[in-house]
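Residue numbers (the numbering used here), protein chains in the order written: chain L, 15 to 431; chain B, 15 to 431.
Worth flagging that the hints you see were computed from the coordinates, not collected in a lab.
Errors might be hidden in some of the hints.
You can't tell identical chains apart in this list, so a pair holds if it fits in one copy or across any two.
Under the rule of at most 25 Å between Cα atoms (straight-line distance), these lysine-lysine pairs were calculated in the DSS-like manner [to be verified]:
| # | residue 1 | residue 2 |
| --- | --- | --- |
| 1 | Lys70 | Lys190 |
| 2 | Lys300 | Lys93 |
| 3 | Lys190 | Lys296 |
| 4 | Lys139 | Lys377 |
| 5 | Lys19 | Lys49 |
| 6 | Lys49 | Lys340 |
| 7 | Lys300 | Lys70 |
| 8 | Lys19 | Lys425 |
| 9 | Lys190 | Lys372 |
There are 2 protein chains.
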Amino acid sequence: MSRGKLVYAQSGGVTAVINATASAVIRTARQNRVKVYAGHNGILGILNEDLIDTSKETLHTIRALAHTPGGAFGSCRFKLQSIEQDRARYERLIEVLAAHDIRYFLYNGGNDSADTALKIAQASKILGYPLTCVGVPKTVDNDLAVTDCSPGFGSVAKYTALSVREASLDIASMAKTSTKVFILEVMGRHAGWIAAAAGLAGEGRDAPPHLILFPERAFDEADFLHQVQATVNRIGWCVVAASEGVHYADGRFLAEAGSQDAFGHAQLGGAAPTLAGLVKEKLGMKVHWALPDYLQRSARHIASATDLAQAEAVGEAAVNYALQDKHGVIPVIERLSDRPYRWRVVPAPLARVANHEKKLPRKFIRADGYGITAAARSYLSPLIQGEAFPPFNRDGLPHIAELRRQPVAKKLSAFEG
Amino acid sequence: MSRGKLVYAQSGGVTAVINATASAVIRTARQNRVKVYAGHNGILGILNEDLIDTSKETLHTIRALAHTPGGAFGSCRFKLQSIEQDRARYERLIEVLAAHDIRYFLYNGGNDSADTALKIAQASKILGYPLTCVGVPKTVDNDLAVTDCSPGFGSVAKYTALSVREASLDIASMAKTSTKVFILEVMGRHAGWIAAAAGLAGEGRDAPPHLILFPERAFDEADFLHQVQATVNRIGWCVVAASEGVHYADGRFLAEAGSQDAFGHAQLGGAAPTLAGLVKEKLGMKVHWALPDYLQRSARHIASATDLAQAEAVGEAAVNYALQDKHGVIPVIERLSDRPYRWRVVPAPLARVANHEKKLPRKFIRADGYGITAAARSYLSPLIQGEAFPPFNRDGLPHIAELRRQPVAKKLSAFEG
Numbered sequence: 015m016s017r018g019k020l021v022y023a024q025s026g027g028v029t030a031v032i033n034a035t036a037s038a039v040i041r042t043a044r045q046n047r048v049k050v051y052a053g054h055n056g057i058l059g060i061l062n063e064d065l066i067d068t069s070k071e072t073l074h075t076i077r078a079l080a081h082t083p084g085g086a087f088g089s090c091r092f093k094l095q096s097i098e099q100d101r102a103r104y105e106r107l108i109e110v111l112a113a114h115d116i117r118y119f120l121y122n123g124g125n126d127s128a129d130t131a132l133k134i135a136q137a138s139k140i141l142g143y144p145l146t147c148v149g150v151p152k153t154v155d156n157d158l159a160v161t162d163c164s165p166g167f168g169s170v171a172k173y174t175a176l177s178v179r180e181a182s183l184d185i186a187s188m189a190k191t192s193t194k195v196f197i198l199e200v201m202g203r204h205a206g207w208i209a210a211a212a213g214l215a216g217e218g219r220d221a222p223p224h225l226i227l228f229p230e231r232a233f234d235e236a237d238f239l240h241q242v243q244a245t246v247n248r249i250g251w252c253v254v255a256a257s258e259g260v261h262y263a264d265g266r267f268l269a270e271a272g273s274q275d276a277f278g279h280a281q282l283g284g285a286a287p288t289l290a291g292l293v294k295e296k297l298g299m300k301v302h303w304a305l306p307d308y309l310q311r312s313a314r315h316i317a318s319a320t321d322l323a324q325a326e327a328v329g330e331a332a333v334n335y336a337l338q339d340k341h342g343v344i345p346v347i348e349r350l351s352d353r354p355y356r357w358r359v360v361p362a363p364l365a366r367v368a369n370h371e372k373k374l375p376r377k378f379i380r381a382d383g384y385g386i387t388a389a390a391r392s393y394l395s396p397l398i399q400g401e402a403f404p405p406f407n408r409d410g411l412p413h414i415a416e417l418r419r420q421p422v423a424k425k426l427s428a429f430e431g
Numbered sequence: 015m016s017r018g019k020l021v022y023a024q025s026g027g028v029t030a031v032i033n034a035t036a037s038a039v040i041r042t043a044r045q046n047r048v049k050v051y052a053g054h055n056g057i058l059g060i061l062n063e064d065l066i067d068t069s070k071e072t073l074h075t076i077r078a079l080a081h082t083p084g085g086a087f088g089s090c091r092f093k094l095q096s097i098e099q100d101r102a103r104y105e106r107l108i109e110v111l112a113a114h115d116i117r118y119f120l121y122n123g124g125n126d127s128a129d130t131a132l133k134i135a136q137a138s139k140i141l142g143y144p145l146t147c148v149g150v151p152k153t154v155d156n157d158l159a160v161t162d163c164s165p166g167f168g169s170v171a172k173y174t175a176l177s178v179r180e181a182s183l184d185i186a187s188m189a190k191t192s193t194k195v196f197i198l199e200v201m202g203r204h205a206g207w208i209a210a211a212a213g214l215a216g217e218g219r220d221a222p223p224h225l226i227l228f229p230e231r232a233f234d235e236a237d238f239l240h241q242v243q244a245t246v247n248r249i250g251w252c253v254v255a256a257s258e259g260v261h262y263a264d265g266r267f268l269a270e271a272g273s274q275d276a277f278g279h280a281q282l283g284g285a286a287p288t289l290a291g292l293v294k295e296k297l298g299m300k301v302h303w304a305l306p307d308y309l310q311r312s313a314r315h316i317a318s319a320t321d322l323a324q325a326e327a328v329g330e331a332a333v334n335y336a337l338q339d340k341h342g343v344i345p346v347i348e349r350l351s352d353r354p355y356r357w358r359v360v361p362a363p364l365a366r367v368a369n370h371e372k373k374l375p376r377k378f379i380r381a382d383g384y385g386i387t388a389a390a391r392s393y394l395s396p397l398i399q400g401e402a403f404p405p406f407n408r409d410g411l412p413h414i415a416e417l418r419r420q421p422v423a424k425k426l427s428a429f430e431g
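Isolated chain L (complex conformation):
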């Protein structure tokens, strides 16, 4: 324990496998005899000295984290200002870390969280506190820069492709006298990665999904309705996968924007009912729609084994980098080949990841704008391969890790931040 403790925290929207990363972090640190505290609700847990002592959890529980969705230690949406703007907050962070002899900081999140990790990495230098900061990648949106893919994405991609395949069989059987059009709305505010994954459900013009609506392409109402009608004329039914971020040419979202989150992102939801209303009104067809929302990113029961392995690998690598004093890095996935799919984890500078956003390449979207290309299939297909079913209890529901979440005794007074 002479080399100090490690603090691990989860940030941003959670995924089906972020706890698998947590599990790998804790297990790897234990193997290296480093104690892990978890921030309760991300960076807020550090600011508020609200820490969880993971050494009080059994190895059985830590292993069970790998099949437990959600964020076991609580996540947060909280954006740090720069040290110039908010020095007191950084001083408090360092004060808490120092009070508990924490020498390693691992922040598990997406673009915004990489920014937070980078800012803390820089602040610790400025404030002269010996801290090794390492990011840990996670996001269902697959929009992290540098890394070939983001842990969390493969599982939501598998959920989405599987849902399209299953629901399409339902529509196909109902279409003769009932529902002819089905619209599935998927996550992905600005990048159509999840929408693209829907395309894995089938290949060829007549296989579902017949139409994918990407946020990268402006929505053309007349053409969309024409495509739906043509598909129904041709095969009797039509399945549409629509990104939550689908919008008109002038930028208006089909799902009218509601509130904003802490990062200033618009809160969306409701492209599918808007599209369904259009189809019903303009084409007079019976239409059903689904909006799985959080179900898609918490569906640990149908996680991708590939995604799970990568989520664990980045957790293990992050601890190793920290212990090797690789300051200001983040483990990323490097793809070595498509077929057979081979990958490895390598370190990348946090600065190259923070606040960047990886867009869906134009070459992944079919020329007509409503489907994916062979290049997209080659990229996406390996990410959904393999099943990693959780253990199920006798009651028919998946086993969930039951953490003690024992708080670390506070040493400081409350922060008035």
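Once you've looked at the hints, dock chain B against the given chain L.
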């Protein structure tokens, strides 16, 4: 083949396991050397002499049907009038059956389909055609009379309970700084069976779902909002499972009724966004909602093994009853004990099932109207037990039966019905 052929058809909304029933029907008939034709799109396939020769499918394909969701032969929503009102249609049905030497008629569906089977049973007597008519139960709504439960329900119940459990872990981790309330809308127009199944996700006041909204109880907006606020005050977040049929005391659905289906049922959808809007507007909390729609009834990947076994058992029994000339019956599930769960299949008169609707018992709803009782748990719990994962292809998606669907050569002219 001397005793004639059997026609099997699927009707109404499909389920994750209706094809498992089809698989059992075809396999059992084959064992008895009876050829099975399937009606293409339910009863319409018989009226239009649009029949599929299942003897052209391999045993491998027929076995694969057991893990394929949707209705493999096409379903329909089509209500027959009485023979007095529409004698020509019944004469046509009999003409088609006679032309193909069909002596057994199996109709796989819910309340309305049992009515269809019963009418054809009666019509065949009136018209003097020797036909043995047997119903086969199926509905995700679990509202079939006489039977202890309906094949198809256990799987949607499992999907629902599991979805609540998984998504709740997501909300719990986000609630500190982001989403505090999550609303899952489930199927069940008039009966809260699926909503009740959500209650299996947890037990006790603080376990999700914290509130269930049943169609059996009038929605009280002020009290609902009070309950949500109290739950968030107590534990920081709140998960709601709402039936699509939730309505105000005056009968108005929260999801405003849209079109009607062929049986005159209102087409609903959208209670969850209405509730979410209320929570956001009145309580000012960030809220997410999900509406899985067809995903819940096509989720064969997470089917209940109990449900699957029952779906197969009623298929096998239906063929056996038919071959025993048990006219006008339907196999139903009889529960022998809760713990251990034991059940058997017995025949019941179609007349006792047709057009009846099994309501959720009052004793299954907690006194405060927002949860389920111990009696409900004892009833529901066995139905979701056991997993029956489909085989997965190497591409990471479930294997699906690929049927040849070879049409039977027509012997008659088209029906001008």
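Violated constraints from the hint list, given by number and in increasing order
The structure conflicts with hints 4, 7 and 9, although it agrees with all the remaining ones.
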